[in-house]
Amino acid sequence: MSDRTIGILGLGIFGSSVLTALAKQDMNIIAIDDHAERINQFEPVLARGVVGDITNEELLRTAGIDTCDTVVVATGENLESSVLAVMHCKSLGVPRVIAKVKSQTAKKVLEKIGADSVISPEYEMGQSLAQTILFHNNVDVFQLDKNVSIVEMKIPSVWAGQSLSQLDLRGKYNLNVLGFREQENSPLDVQFGPNDLLRSDAYIMAVINNQYLDDLAELNS
Numbered sequence: 001m002s003d004r005t006i007g008i009l010g011l012g013i014f015g016s017s018v019l020t021a022l023a024k025q026d027m028n029i030i031a032i033d034d035h036a037e038r039i040n041q042f043e044p045v046l047a048r049g050v051v052g053d054i055t056n057e058e059l060l061r062t063a064g065i066d067t068c069d070t071v072v073v074a075t076g077e078n079l080e081s082s083v084l085a086v087m088h089c090k091s092l093g094v095p096r097v098i099a100k101v102k103s104q105t106a107k108k109v110l111e112k113i114g115a116d117s118v119i120s121p122e123y124e125m126g127q128s129l130a131q132t133i134l135f136h137n138n139v140d141v142f143q144l145d146k147n148v149s150i151v152e153m154k155i156p157s158v159w160a161g162q163s164l165s166q167l168d169l170r171g172k173y174n175l176n177v178l179g180f181r182e183q184e185n186s187p188l189d190v191q192f193g194p195n196d197l198l199r200s201d202a203y204i205m206a207v208i209n210n211q212y213l214d215d216l217a218e219l220n221s
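If you're matching positions, the sequence shown starts at 1 in full-length UniProt numbering and goes up one per residue.
Hints are computed from structural coordinates only; laboratory data are not their basis. Incorrect hints may appear among the rest.
Unchecked claim - Okay, derived cross-link-like pairs now, DSSO-like style, lysine-lysine, Cα gap no bigger than 30 Å in a straight line:
(1) Lys146 - Lys108
(2) Lys24 - Lys102
(3) Lys102 - Lys90
(4) Lys172 - Lys102
(5) Lys90 - Lys112
(6) Lys146 - Lys112
(7) Lys102 - Lys154
(8) Lys172 - Lys107
(9) Lys112 - Lys154
(10) Lys90 - Lys108
(11) Lys107 - Lys146
(12) Lys107 - Lys90
(13) Lys90 - Lys154
(14) Lys172 - Lys154
(15) Lys102 - Lys112
Because the structure is a prediction, the values reported are computed rather than measured.
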């Protein structure tokens, strides 16, 4: 069992998905939801499950939220509830509070009151889908924030047979290479050098500044 404790406030689709993924990593999880059936569903993998109102600071304290390393405020439907939950978590001394929102306006509000990270799954999935369409399904784009993304793609034919030093990917495309895959689903190889030649059947993963994505799209069009 991990020595980290994670709190999840709200067990809707998003919160349940986060909980399921963390449970596979053997994390200590404290979950709170106002629906008993949701808590009961996950009881076998919970360090503690509490049925109640996530906007009640005393309930959060009693549940042990103040012992958490990270808390995910996973209810994004009601902004007031999210605001109160974030404020209470910070008041209880939680080092890292991650909140889910449905709009960019709500994102700004939660950032202002102290949320350490605010995510909008619907917005981010929309952005990712738009990038997939832009790249004609040739490039996977994982947007980390408004400035930076991780991209993974098959080596473009014009790069094949050349080395990283010859291509100067950082200078031309602001690409910082993370590694290569021999095939689409093979393990990522991070042991590479500037003089290694790129193979046309390999895949590259890199970090890129979002303002250069259009240049990469043209390369893959």
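Going down the list of hints, with the structure as the test:
1. Lys146 - Lys108: Given pair Lys146, Lys108 holds - Cα atoms ~13 Å apart, limit 30 Å.
2. Lys24 - Lys102: 27 Å, holds
3. Lys102 - Lys90: 21 Å, holds
4. Lys172 - Lys102: 36 Å, violated
5. Lys90 - Lys112: 12 Å, holds
6. Lys146 - Lys112: Between Lys146 and Lys112 the Cα gap is close to 17 Å, so the pair holds against 30 Å.
7. Lys102 - Lys154: 33 Å, violated
8. Lys172 - Lys107: Roughly 33 Å between the alpha carbons, so the hint for Lys172 and Lys107 is violated.
9. Lys112 - Lys154: 40 Å, violated
10. Lys90 - Lys108: The hint holds at about 17 Å.
11. Lys107 - Lys146: Given pair Lys107, Lys146 holds - Cα atoms ~13 Å apart, limit 30 Å.
12. Lys107 - Lys90: 16 Å, holds
13. Lys90 - Lys154: 44 Å, violated
14. Lys172 - Lys154: Roughly 18 Å between the alpha carbons, so the hint for Lys172 and Lys154 holds.
15. Lys102 - Lys112: The given pair, whose Cα atoms are some 16 Å apart, holds under the 30 Å limit.
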